[in-house]
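Chain by chain, the residues:
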Amino acid sequence: MTLSVSASGHAVREDLLTDDAGLLLVIRHFESKLLDLFDRGLLNGTTHTCLGQEHVPVALAPLLTEADFVFSNHRGHGHYLALRRDPAGLLAEITGREGAVCGGVGGSQHLLNGRYLSTGVQGQSLPVAVGTALHLARSEPGAVAVAFVGDGTWGEGSVYEALNMACLWRLPLLVVTENNGIAQSTPTSMELAGTIAGRAAAFGAAHHLTGTADVAGLRAEAAPLLAAVRAGAGPHVLEVDVHRLGPHSKGDDTRPAEELRRAAEHDWYAPLAAARPDLDERARRFVDDIAEEVLSRPLSGWRP
Amino acid sequence: MRVAESVNAALHDALGDDPALYLLGEDVLDPYGGAFKVTRGLSTRFPGQVLTTPLSESGIVGVAAGLALAGDRAIVEIMFSDFVTLAFDQIVNFAAKSVSMYGRPVPMPMVVRCPTGGGRGYGPTHSQSLQKHLVGVPGLALYEMSPFDDHRDLFATMLGREEPCVLFEDKILYTRQMFTGGTIDGLFRYDRVGEITRVGVGVGVGDPTGCDVALIAPGGMVHRALAAMRSLLLEQEISCLLLVPRRLYPFDGDAVRDLLGGVRAVVVAEDGSGGGTWGAEVAHQLHQRMWGQLRRPVTLVHAADSVVPSAAHLEHAVLVQDTDLRQALEETFLG
Ligand SMILES: Cc1ncc(C[n+]2csc(CCOP(=O)(O)OP(=O)(O)O)c2C)c(N)n1
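Quick mapping for you: the protein sequence lines, in order, are chains A and B.
When the letters of the first sequence are read in order and numbered with our numbering, they come out as residues 1 to 304.
When the letters of the second sequence are read in order and numbered with our numbering, they come out as residues 1 to 335.
Next up, chain B with everything else stripped away, as it sits in the complex (with noise of 0.2 Å):
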């Protein structure tokens, strides 16, 4: 299964079960279904619950808000996660502040789906990555989609937490294959605790902890990091664990600290541009918990600090590639 299909499923599955539950966006209705096929078939099978709205960013986030605070439930899609940034004022100041601004929890269950990412030169202003825009909101959780999740499980436990979460879906994983079974292929394994996925040689078999390096990145970048991981696995024998969070904020620190047991050396990497990264915030957190143990500072891997340009060649060079996570992990594990 693809993970837009199963993207979409878990979307049919959420719809089913509550009745509660609307979804609104720009051209989601069948047989459009969304720019990139996301909601397909939901807005027939759910007429009532599914609304097509006005190119109105700003506008539909605040009515998620107004559903939520009606007591329904919420999921807007935003149709190039760029254009959250028209959704800023309601996503920061109005939803995520009313959870707590009023002086006591006031549940806010919305969900704000971003079609995020590059690789498919829509150029510069259609292919950000702005986690790390919204890192630090008080009362607002940052998600990221992955080949690995249980979408279903995803959307149930963003809702579940009554506050607005925002899920980061990279676009580039829409037409890729949903990983099943703990199997990657010949080499690597993976297995979920918590919020984390893991993946790496002795993942469900032996130790994962005995690894050399490890990588922490966000879904998007699974391809690529399993492709650096192979290429040094097999021409230097180096092994790498990598760790996809799906919750990006707040960042569970102790969580991943336990994961990563006694390695001494570690990267993250996003796909933002660089300063002020999501990157820096992970890099703190582990500096703080893990600082004796590692044998030097996380290093950050990221886009360049640059838009992201149309061009193949200019944005493959702008942009992240399994050969730039190689070398980090190279260069951090032999120091």
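Looking at chain A on its own, in the form it has when it is part of the complex (with noise of 0.2 Å):
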């Protein structure tokens, strides 16, 4: 995996994108740094930042393959940065500088990178996650398709159609749904009629509900699951508890102070910072030295 060395010198850390600690404060502190670039007016267009949840893609990451298909949605730096490593072209996507992943052109919620890819449009992903699921099932025995989708997003008809045919056709799809609880500014509770497990359970796709927030908890739970999808078990729900600390996107939280403080809780963030002290500042400063670096660059070129 190529780094950006960073322009003000500052060496980059391999270790930090290699490590569970390190990556998690990584993406913690990239997404800070996306708020504060568009609060700075640095930033055009939108974004979604995954403050709370980073711990999924961090325990996810080492579980998956080149050879997996992964489909991620709007909230997918996260996944990105753990599945891709490549802040420095993820940045520059978002702020439509040389060397970004797909030339500005998606920017952030529009990224493909071999077998990583995320679209804007809820629910869309999954047939066609689908369709590289019976490719991988036919000539790649033993990959599989992951599908990143929110709660929210089991409103959409596609996420049934696509159920459907994968547990017909016994495929290798592996469902990720991070349930924070809210979809945009609505409550789960408000969309969602039953469960997710019951809607999984009616396609006869076997589901796996866990709330851990520990990275190495999560993936232990998390590797039998893929394993059963690698050997041919046919489609899986995994469904993570989480908790949404930011905005929907920027600026647009209206929940109630009370209830950010009871998300604020469940932070792995605090905790871990006061553990090693050290390595957050160097997260901390390794994402100040690709955000400086990055936005020196020149706007990235695309023609139509």
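Please note: incorrect hints may appear among the correct ones.
As the list claims (entries may be wrong) - Listed next, with one range per pair, are the computed distances between beta-carbon atoms: (1) B:T180 <-> A:L299: 54 to 60 Å; (2) B:R120 <-> A:A201: 40 to 46 Å; (3) B:D305 <-> A:N44: 38 to 44 Å; (4) B:G123 <-> A:A220: 55 to 61 Å; (5) A:G211 <-> B:E162: 42 to 48 Å.
Read the hints as simulated data drawn from the structure, not as lab findings.
Idealized CB from N, CA, C, for every residue including glycine.
Starting from the two chains in their separate frames, assemble the complex, guided by the hints.
Structure follows, in structure tokens:
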């Protein structure tokens, strides 16, 4: 994995991106940096940060290989950073600078890098993931398609068309649902009848629910699921209860302060930063340097 | 050979030539072989490549896109083109976007086949010609089946574009005979130039561009166009050149202009309902290229701005008939 060398001469620390704690911190500082850049008028468009949900992709990343298809969504920076470890390419994409993963065309929610792809239309990726899973089952057995979706996305009909086909055809599909209890501004309780478990069961898809925010613990729970999917056991749904700490996109959080405070109680950051202040500081500087370097690059070039 | 048999044979060849090509659709398996029997025999010969699907138009187009993304190729049959609206998101916002929105071309070899059009009394939700709703989508090409085309070459061309294509197949054509050998009857001959079939008196023997008036129409309109041209020629000695572009969009205005030669009166016809039509796009392109040459603006002929009724007499009144074409051609020529 190649990493950009920071313009200000700070040595890029690979261990920040290979160590779980380092990766968690890099993602956290990356997302915070984006909100900061927005506040300073340096970012265009919109972004959806994964503050509070970083541990999900960090836990899953080592369980996936380059042969696996990964479908991400609007809240995908953590997925991308954990799986592709390319913060400079992502920031360049978001800021429309040279070296952008997709030339600045896709922006925050439309990324393609190898078999990693994100789209901005909720639920749309699931049937596509089924198509790739069909290909994998026939031509590359052992590889899987993984799709990340939020709880709100279970309102989309595509999800059910996709689950139906995936289960009928017993395809290697893992649907990872990061259930943060809210979709944009609407609590899950106001838009989801029944449960995700019940919906998965209706199709005969295995379902596993967990609330752990511990990377190693989550990984240990996910590993057998992925192994089963790889071995041909058919679609699985992994539902992880998480807490969205930040706004849906930027400055659009209408939740009461008390609720935000409760969400923050689950945050892994403060204990980790307290336990490893040096690492936290390195991660912060690493992201600062990348931002400085990327923002000094020329604008990306692209022709329709 | 009937048109449905020609498309069926082309699908047989395409699946046989390419083990990474899939065909998906509702009720496509033998012995049923699809609602219009176009997929007959395919599942028996290529059981691994032909998948019958649930009623999930959006989902199966998404699956096709996933196969294409993973390096395979896919053809989807939408049972009635009316239902392609359910797959609008997958076509417009995924497949067509993917070929360009990631900053570099992503090959997306897939074809969505759409049995289209009225004339069979199936009523408002099973008789539409929805081409116009998909015109003008960046990264999406629209084709239409005709009784002239080499359908094997048609599928190869569409898949070879490596971007999503929607193929409209006028249901009325399925039971009609293919034209072969360049001859239609004692009056008219045809040939193909690139993606366009031209039909007329002088085609293949004299100078087809010396016609009085030209009609541009997709494949589904061909028999009505021929009837109009015949009566126009025999009863009024007005000669008409018919151009049938198999690719409707992107529309190749330059190629059509070159084939029109010195023709000064042009009609564009289609089966879609009035308002925001494909013909308006064609007319605009020709106006830009031929304004000084045309005697008057291009005339548009289309179905009424209406649903397609079920009862035969009502449906007849709404859809384009050969008499409508003849009248439009005559008026456009005589001014
Ligand atoms: C089809 C579609 N409808 C609406 C939106 C706008 N939108 C973007 S994210 C979002 C909420 C998604 O909620 P959820 O799936 O729970 O994911 P979360 O944002 O909580 O991570 C909405 C409504 C969209 N992008 N796509």
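Of the hints given before, which are not true for this structure? Result: no hint breaks.
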